[in-house]
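Colleague: Line by line, the protein sequences give chains A and B. According to this note's numbering, the first sequence is numbered sequentially starting from 526. According to this note's numbering, the second sequence is numbered sequentially starting from 117.
Just so you know, the hints here were simulated from the structure itself, not pulled from any lab data. Predicted, not measured: the structure shown is a model, and the values here were computed from it. The reader is advised that the hints may include incorrect statements.
[Claimed, not checked] Once the Cα atoms are required to be at most 25 Å apart in a straight line, the calculated SDA-like pairs of lysine to any residue come out as:
#, chain 1, residue 1, chain 2, residue 2
1, A, K728, B, L301
2, A, K671, B, Q167
3, A, K671, B, L301
4, A, K573, B, L132
5, A, K671, B, H212
6, B, K164, A, P674
7, A, K671, B, W144
8, A, K728, B, R161
9, A, K671, A, G604
10, A, K671, B, L174
11, B, K164, A, W675
12, A, K671, A, I635
13, A, K728, B, G216
14, A, K728, B, V175
15, A, K671, B, L166
16, A, K671, B, L132
[Claimed, not checked] Over the 12 Å line for every Cβ pair with chain A, so calculated as not near, a few chain B residues:
#, residue
17, R161
18, G213
19, A235
20, A240
Yeah, the Cβ is synthetic: ideal placement off N, Cα and C, and Gly gets one too.
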Amino acid sequence: MNNPAPIPLDELIVCTHCDAVFTLRRPATGERATCARCGSVLITPRRKAGLQIIAVSLAITILIIAATVFPFLSISVAGATNSVSILAAALAFSDGPLIALSLTTAALIIFVPLARVLLTMYVLVPIVLDHPPARGATHAFRFAEKLRPWSMAEIFALGCAVALIKISDLADVSFGPAFWMFAVLVVLIVIQDNVLCRWSVWKSLDKTKTL
Amino acid sequence: MEISGQNQNFISARDLGVVACTRCTQVWPAGTQICDRCGSTIVARDEKSLQRVWALWLVGLMCYVPANTYPMLQTRTLLSVQEDTIVGGAVELIHHGAVGIAVIILIASVVIPLAKFMAIAFLAISVMRPSSVSSHHRQLLYEVVEYIGRWSMIDIFVVAIMSSLVQLNTLAAVNPGRASLFFALSVIFTMLSAQAFDSRMIWDAQTRQERNPRDE
Numbered sequence: 526m527n528n529p530a531p532i533p534l535d536e537l538i539v540c541t542h543c544d545a546v547f548t549l550r551r552p553a554t555g556e557r558a559t560c561a562r563c564g565s566v567l568i569t570p571r572r573k574a575g576l577q578i579i580a581v582s583l584a585i586t587i588l589i590i591a592a593t594v595f596p597f598l599s600i601s602v603a604g605a606t607n608s609v610s611i612l613a614a615a616l617a618f619s620d621g622p623l624i625a626l627s628l629t630t631a632a633l634i635i636f637v638p639l640a641r642v643l644l645t646m647y648v649l650v651p652i653v654l655d656h657p658p659a660r661g662a663t664h665a666f667r668f669a670e671k672l673r674p675w676s677m678a679e680i681f682a683l684g685c686a687v688a689l690i691k692i693s694d695l696a697d698v699s700f701g702p703a704f705w706m707f708a709v710l711v712v713l714i715v716i717q718d719n720v721l722c723r724w725s726v727w728k729s730l731d732k733t734k735t736l
Numbered sequence: 117m118e119i120s121g122q123n124q125n126f127i128s129a130r131d132l133g134v135v136a137c138t139r140c141t142q143v144w145p146a147g148t149q150i151c152d153r154c155g156s157t158i159v160a161r162d163e164k165s166l167q168r169v170w171a172l173w174l175v176g177l178m179c180y181v182p183a184n185t186y187p188m189l190q191t192r193t194l195l196s197v198q199e200d201t202i203v204g205g206a207v208e209l210i211h212h213g214a215v216g217i218a219v220i221i222l223i224a225s226v227v228i229p230l231a232k233f234m235a236i237a238f239l240a241i242s243v244m245r246p247s248s249v250s251s252h253h254r255q256l257l258y259e260v261v262e263y264i265g266r267w268s269m270i271d272i273f274v275v276a277i278m279s280s281l282v283q284l285n286t287l288a289a290v291n292p293g294r295a296s297l298f299f300a301l302s303v304i305f306t307m308l309s310a311q312a313f314d315s316r317m318i319w320d321a322q323t324r325q326e327r328n329p330r331d332e
């Protein structure tokens, strides 16, 4: 192909869902840019989003560690009691070939969410402080984005509700401190996921690299 | 017809001679292999995408069969040992009067997985041949499939919580059955299958259909 003029790559934005090309116009803070063809959200900048996300990430890290260790639920029937932590619940499939399932469950509800917030903080802290990006920040953020569909804390929360109702006519169930921590945790994870504007993060990772 | 009337003739990146990184959306000249910004591999259209979709889809479907025939939960009380499959457990719940929970379980572990198998198959077939369903609806369907697929894991988590919590020595114990492993595998493989699908192909088919009658 012989193009008369080179295509201004930096002034274009392409929708990753339907491959439509648009000329880039940065939306003002609070606005969002969507694809005119398929409607996917392309850019959602927010004021001080970076600082908010770091604060929320810090809270999530503390809550995950605490919620994992403290007792989560306990039941009692006719004098016999049992209480478990989230880690114990995740590792319930511990006999025989089901051990693989145990490790997967533990990863999906504890380690993947934890890894995602740690990676996000690693990427965002230097950006917010106006430092050059941390070493390997692009790889870290790409990995965090890849892990996104595998972070299932909120699904585990709904699973808890279903399990509680199933058990409640069998035995008395009471909540441990970790249960409430986990409830707050789920809300924070959902907030963090929705505030983050990926386009802006990639842009700031890129700008600092070429300077 | 209405949609093609509204169409402002969108240009796809491939027609313009550029290619975008699907991870970080940076635009590059066509033919770029690796995104210089984030390091992802770039392909204008993933030609092997459909093969991977079908392969993973098939594995997911194969795992779904034992997931339903083997027992999901084994409940041991003082007097009896009971093994329940997914559907059997839900029927049991209805007998106990917990209709709401039974509905959640049935939707999450039977309706959603089956609907997902059909939706992915439909999408994969629809990009190969003309489809009467508009691209907008198919894009929406794809997003729903991608979003909702993860929620099937709920049954695995319920089994995990129950079998770790209900361990009261001789009185009662709940243990996971073999189906749980297959069910988890089925969910994971269908999630991978949906992720392998390149949604840009939905829109390529539409552009092709619209152009051909006009050009000739």
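Colleague: So, for every hint listed, does it hold in this structure?
Modeller: Results for each hint:
1. The straight-line distance between the Cα atoms of K728 (chain A) and L301 (chain B) is roughly 37 Å, outside the 25 Å bound, and the hint therefore fails.
2. Restraint check: the Cα-Cα separation between K671 (chain A) and Q167 (chain B) comes to about 21 Å, which is no more than 25 Å; the hinted pair holds.
3. Among the hinted pairs, K671 (chain A) with L301 (chain B) is consistent with the structure: their alpha-carbon atoms are about 19 Å apart, no more than 25 Å.
4. About 36 Å separates the Cα atoms of K573 (chain A) and L132 (chain B), which puts this hinted pair outside 25 Å; it is violated.
5. Of the supplied pair hints, the one linking K671 (chain A) and H212 (chain B) is violated, its CA atoms being roughly 42 Å apart against a limit of 25 Å.
6. Proposed proximity of K164 (chain B) and P674 (chain A) is supported: the alpha carbons are some 22 Å apart, at most 25 Å.
7. With a CA separation close to 21 Å, the supplied pair K671 (chain A) and W144 (chain B) stays within the 25 Å bound.
8. As the CA atoms of K728 (chain A) and R161 (chain B) are separated by approximately 24 Å, the hinted pair is consistent with the 25 Å bound.
9. Between the alpha carbons of K671 (chain A) and G604 (chain A) the distance comes to roughly 47 Å, so the proposed pair goes past 25 Å and is violated.
10. Our distance criterion of 25 Å between C-alpha atoms is met by K671 (chain A) and L174 (chain B), whose separation comes to about 23 Å.
11. Between K164 (chain B) and W675 (chain A) the CA atoms are separated by roughly 24 Å; this keeps the pair inside 25 Å, and the hint holds.
12. Among the hinted pairs, K671 (chain A) with I635 (chain A) is consistent with the structure: their alpha-carbon atoms are about 16 Å apart, no more than 25 Å.
13. Restraint check: the Cα-Cα separation between K728 (chain A) and G216 (chain B) comes to about 47 Å, which exceeds 25 Å; the hinted pair is violated.
14. For the hint pairing K728 (chain A) with V175 (chain B), the CA-to-CA distance comes to about 38 Å; that exceeds 25 Å, so the pair is violated.
15. Restraint check for K671 (chain A) and L166 (chain B): satisfied, since their Cα atoms lie roughly 20 Å apart, inside the 25 Å limit.
16. As the CA atoms of K671 (chain A) and L132 (chain B) are separated by approximately 28 Å, the hinted pair breaks the 25 Å bound.
17. Chain A draws R161 (chain B) into its interface by the beta-carbon criterion, the shortest separation being 8 Å against a cut-off of 12 Å.
18. The beta carbon of G213 (chain B) is not kept farther than 12 Å from every beta carbon of chain A, the shortest such distance being approximately 9 Å.
19. Distance check for A235 (chain B) against chain A: the nearest CB is about 16 Å away, which clears 12 Å, and the non-interface claim stands.
20. Interface exclusion of A240 (chain B) from chain A stands, the closest Cβ pair being 16 Å apart, more than 12 Å.
This entry does not satisfy hints 1, 4, 5, 9, 13, 14, 16, 17 and 18, going by the numbered hints stated previously.
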